[in-house]
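Generate the whole structure from the sequences, applying the supplied hints.
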Amino acid sequence: MQIPLTELKNGEKGIIVSTVFKSPDAPMCQHRARKGWKKKASIELCIKRLTDLGLTPGTEVTVVKSAPFKGPLEIYVRGSRLAIGRGMASRILMEVKR
Amino acid sequence: MKEKNFTIALAGNANVGKSVIFNQLTGLHQHIGNWPGKTVEKAEGTLNYKGYTIDFVDLPGIYSLSTYSIEELVSREYIATEKPDLVINVVDASLLERNLFFTLQLLELEAPLLIALNQIDLAKKKGILIDTNKAEKVLGVPVVPTVAVTGKGISDMLDIAIAVIEKNCKTHPLKPKYGKEIEEKINQLVELLKSTDLKYPPRWIAIKLLDEDKEIEKLVHEQNSQITKIAEKLRGDLEKCHGHSCPTVITSERYQVASIIANEIQQITEPVKTPLREKLHTATTHRVFGYPIMLGTILAVFVAIFSFGDFTSALVGDFLMGLQPTVESVLGTGIVTELLWGGIMEGIIGGITVALPYILPFYFILYLFEDSGYLSRIAFLMDRLMHRMGLHGKAFIPVMLSFGCNVPGCLGCRIMETSRERLLTAFVVTLIPCAATSVIILGLVGAHVGIEWALALYIINLILVFVLGRIAFKALPGEPTELIMEMSDYRIPHMKTVTKQTWFRLREFIVMAFPLIIAGSFVIKLAEVANLLEPIANIASPITVAWLGLPAVTGIALIFGVLRKELTLIMLATLLGTTNFATVMTPTQMIVFTLVVMLYIPCVATIGALVKEFGWKKATTITVIEIALALVLGGIAFRLLTII
Numbered sequence: 001m002q003i004p005l006t007e008l009k010n011g012e013k014g015i016i017v018s019t020v021f022k023s024p025d026a027p028m029c030q031h032r033a034r035k036g037w038k039k040k041a042s043i044e045l046c047i048k049r050l051t052d053l054g055l056t057p058g059t060e061v062t063v064v065k066s067a068p069f070k071g072p073l074e075i076y077v078r079g080s081r082l083a084i085g086r087g088m089a090s091r092i093l094m095e096v097k098r
Numbered sequence: 001m002k003e004k005n006f007t008i009a010l011a012g013n014a015n016v017g018k019s020v021i022f023n024q025l026t027g028l029h030q031h032i033g034n035w036p037g038k039t040v041e042k043a044e045g046t047l048n049y050k051g052y053t054i055d056f057v058d059l060p061g062i063y064s065l066s067t068y069s070i071e072e073l074v075s076r077e078y079i080a081t082e083k084p085d086l087v088i089n090v091v092d093a094s095l096l097e098r099n100l101f102f103t104l105q106l107l108e109l110e111a112p113l114l115i116a117l118n119q120i121d122l123a124k125k126k127g128i129l130i131d132t133n134k135a136e137k138v139l140g141v142p143v144v145p146t147v148a149v150t151g152k153g154i155s156d157m158l159d160i161a162i163a164v165i166e167k168n169c170k171t172h173p174l175k176p177k178y179g180k181e182i183e184e185k186i187n188q189l190v191e192l193l194k195s196t197d198l199k200y201p202p203r204w205i206a207i208k209l210l211d212e213d214k215e216i217e218k219l220v221h222e223q224n225s226q227i228t229k230i231a232e233k234l235r236g237d238l239e240k241c242h243g244h245s246c247p248t249v250i251t252s253e254r255y256q257v258a259s260i261i262a263n264e265i266q267q268i269t270e271p272v273k274t275p276l277r278e279k280l281h282t283a284t285t286h287r288v289f290g291y292p293i294m295l296g297t298i299l300a301v302f303v304a305i306f307s308f309g310d311f312t313s314a315l316v317g318d319f320l321m322g323l324q325p326t327v328e329s330v331l332g333t334g335i336v337t338e339l340l341w342g343g344i345m346e347g348i349i350g351g352i353t354v355a356l357p358y359i360l361p362f363y364f365i366l367y368l369f370e371d372s373g374y375l376s377r378i379a380f381l382m383d384r385l386m387h388r389m390g391l392h393g394k395a396f397i398p399v400m401l402s403f404g405c406n407v408p409g410c411l412g413c414r415i416m417e418t419s420r421e422r423l424l425t426a427f428v429v430t431l432i433p434c435a436a437t438s439v440i441i442l443g444l445v446g447a448h449v450g451i452e453w454a455l456a457l458y459i460i461n462l463i464l465v466f467v468l469g470r471i472a473f474k475a476l477p478g479e480p481t482e483l484i485m486e487m488s489d490y491r492i493p494h495m496k497t498v499t500k501q502t503w504f505r506l507r508e509f510i511v512m513a514f515p516l517i518i519a520g521s522f523v524i525k526l527a528e529v530a531n532l533l534e535p536i537a538n539i540a541s542p543i544t545v546a547w548l549g550l551p552a553v554t555g556i557a558l559i560f561g562v563l564r565k566e567l568t569l570i571m572l573a574t575l576l577g578t579t580n581f582a583t584v585m586t587p588t589q590m591i592v593f594t595l596v597v598m599l600y601i602p603c604v605a606t607i608g609a610l611v612k613e614f615g616w617k618k619a620t621t622i623t624v625i626e627i628a629l630a631l632v633l634g635g636i637a638f639r640l641l642t643i644i
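Going line by line, the protein sequences match chains A and B.
Note that the numbering used here has the first sequence beginning at 1, numbered continuously upward.
Note that the numbering used here has the second sequence beginning at 1, numbered continuously upward.
Any given hint could turn out to be false.
[Stated by the list, open to error] With the C-beta cut set under 7 Å, the calculated list includes, among others, these residues of chain B facing chain A:
1) Leu-95
2) Thr-248
3) Tyr-255
4) Ile-471
Derived from the structure by calculation, the hints contain no laboratory data.
Remember, it's a predicted structure, so these values are computed and weren't measured experimentally.
Where a beta carbon is used, it is the ideal one built from N, C-alpha and C, also for glycine.
Here is the structure:
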């Protein structure tokens with residue numbers, strides 16, 4: 001089953017399928033989408049940052065918890081703990097076994 | 001012997017103990033400045049060791065050598081163009097995979113490398129055992145286990161570093177290999193790059209071209225536009241066969257190499273029980289308990305700083321002011337003495353009574369928090385709220401600082417990634433009521449009108465911060481970036497490093513703010529001696545009296561407030577001849593006056609900080625906006641309050 005990272009429950013694990021947002025209008029990008037996000041450069045920079053921090057396709061990610069009021073997610077990846085904004089997280093597609 | 005002079009750069013991820021190692025190596029012989037033309041901190045230090053003079057450069061803590069941030073650009077440019085004799089890559093032994101990802105990039109950049117495997121003790125506690133010999137074999141460069149906080153392994157590291165530089169120790173640095181298709185394309189580009197002349201190694205350039213690195217693309221394009229065209233075609237080929245964008249493919253493969261090496265050299269056993277730092281993390285980031293813990297901590301810090309500050313400030317102030325009769329008995333009581341004392345000396349006293357008692361503990365606690373890892377948890381909790389202003393969680397830190405003093409707040413904006421966010425945060429920061437403003441709010445309105453009105457002013461201020469932050473966020477061109485940061489494990493702060501950071505920051509504040517405060521206070525004293533203050537106040541009276549409904553003398557008080565905001569209250573008392581303001585001003589006047597003081601202009605030291613970080617143009621814009629805002633709102637408040 002493929003779902004955005006934000007849909008994972010606390011404590012749930014998944015494998016990243018894709019961090020490439022081919023079209024900014026894809027359903028998973030609409031979460032808190034802004035006009036600015038549609039600009040290609042900013043998306044590229046965003047992907048670069050994600051992948052540089054180890055969120056590459058095929059990587060296992062565990063969602064630890066999320067901050068209240070739809071705040072950022074705490075995730076566990078490659079042995080370290082990251083805080084990641086929800087908008088960015090919603091653009092990461094995960095393969096989850098349920 | 002000239003050969004005995006070396007330059008060594010320290011590079012590595014954030015929070016790996018790089019600055020602790022730097023401090024252990026260089027002690028007090030440090031120089032903290034900026035990289036030329038950049039607002040990125042550059043720390044340099046010198047060590048004399050066994051007859052060698054070694055200059056150390058502490059590069060910023062980064063995760064990659066791409067172009068995400070200025071820090072990354074500065075680091076790779078330094079390594080490639082300045083060519084230090086050696087790069088010591090500080091690696092967190094407990095986070096091998098992520099750290100090796102960076103190491104691989106240093107290897108690609110063909111930097112002469114030594115790896116300091118730091119926090120090896122902590123890794124052991126976490127159940128991670130590392131085979132250093134194997135690591136050396138795989139990576140082909142020396143690997144030295146260290147424990148920076150205790151200094152263990154540091155002298156070994158230095159001996160090996162010198163041996164490497166003097167070529168007494170053979171190294172065969174690993175050339176990270178990618179998949180077959182990528183290697184083919186890299187080699188193809190390397191062939192083509194032979195015709196160009198660039199300061200970076202050809203293989204690295206080839207990889208960066210496939211990585212869609214804009215800076216490198218530009219450099220290559222200037223020399224041979226044919227190559228960038230071919231690179232684009234090759235990227236397209238790779239994208240087709242991998243199904244991901246080319247930069248993602250490169251990064252993935254590099255991480256894969258890092259992962260394979262990490263698994264080869266480390267053995268992981270799960271720890272039996274949850275360590276205290278994990279429990280602490282869970283509690284401080286808890287969706288319910290995290291907030292009361294945070295509020296409690298921040299309040300405790302403020303109470304501690306203000307009670308310490310009040311006490312020491314009075315003590316230091318009284319002592320220095322006590323020198324006045326002595327000075328007067330030596331120099332007489334002429335106009336020169338008045339200028340010297342009232343202009344220069346009182347400026348110095350003003351600076352000292354703020355810097356030492358308030359700023360010093362503020363910085364100290366801030367760095368204590370930062371080093372322990374708590375600041376990143378606060379950013380995590382506050383991210384949502386800060387997003388309302390178009391900023392992310394990290395911006396809460398400069399905002400929090402600003403409640404103490406706007407100057408460190410402005411300087412603290414550096415932690416934001418893009419220049420847009422820095423400017424936006426700085427604008428918000430200058431609107432926050434600092435300690436001096438709080439003195440006025442509480443001392444004038446709180447004491448003479450009522451504490452509920454003082455509270456109302458705070459709330460109005462915070463609402464303004466949100467509204468204006470939001471407007472600025474919409475008005476400034478560019479996109480918002482979202483929070484993404486590592487929350488490294490909690491650890492006991494390293495006191496020596498914290499103390500040093502505090503000292504360098506304090507020195508920065510003194511160097512920047514003191515001349516401005518002193519010069520400003522001299523100019524105002526000069527105006528006072530020349531009897532210019534009253535005419536100026538009269539010129540301003542259409543604004544102060546007619547528009548704001550204040551007594552004419554407030555004009556003079558407001559001029560003094562540009563130096564330091566608490567001076568408005570002191571001057572008001574002097575000019576009105578009483579500290580019982582209720583007898584000379586109406587409640588409305590007091591509220592309007594405080595509102596104006598709160599907003600009207602950042603103090604001269606804050607303007608100085610703005611100029612330093614953003615240049616004259618932006619600093620002036622912020623200042624003008626705030627003056628206009630204060631006057632408009634003050635006038636409206638006056639009319640509203642009169643109706644009530």
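Each hint, compared with the structure:
The interface hint given for Leu-95 of chain B is met, as the beta carbon of that residue sits about 5 Å from the closest beta carbon of chain A, less than 7 Å. At about 5 Å, the closest approach between the beta carbon of Thr-248 of chain B and any beta carbon in chain A falls short of 7 Å, and the interface hint on this residue holds. Interface restraint check for Tyr-255 of chain B: the shortest CB-CB distance to chain A comes to about 5 Å, inside 7 Å, so the restraint holds. Against a cut-off of 7 Å between C-beta atoms, the interface hint on Ile-471 of chain B is violated, since the closest Cβ of chain A lies about 16 Å away.
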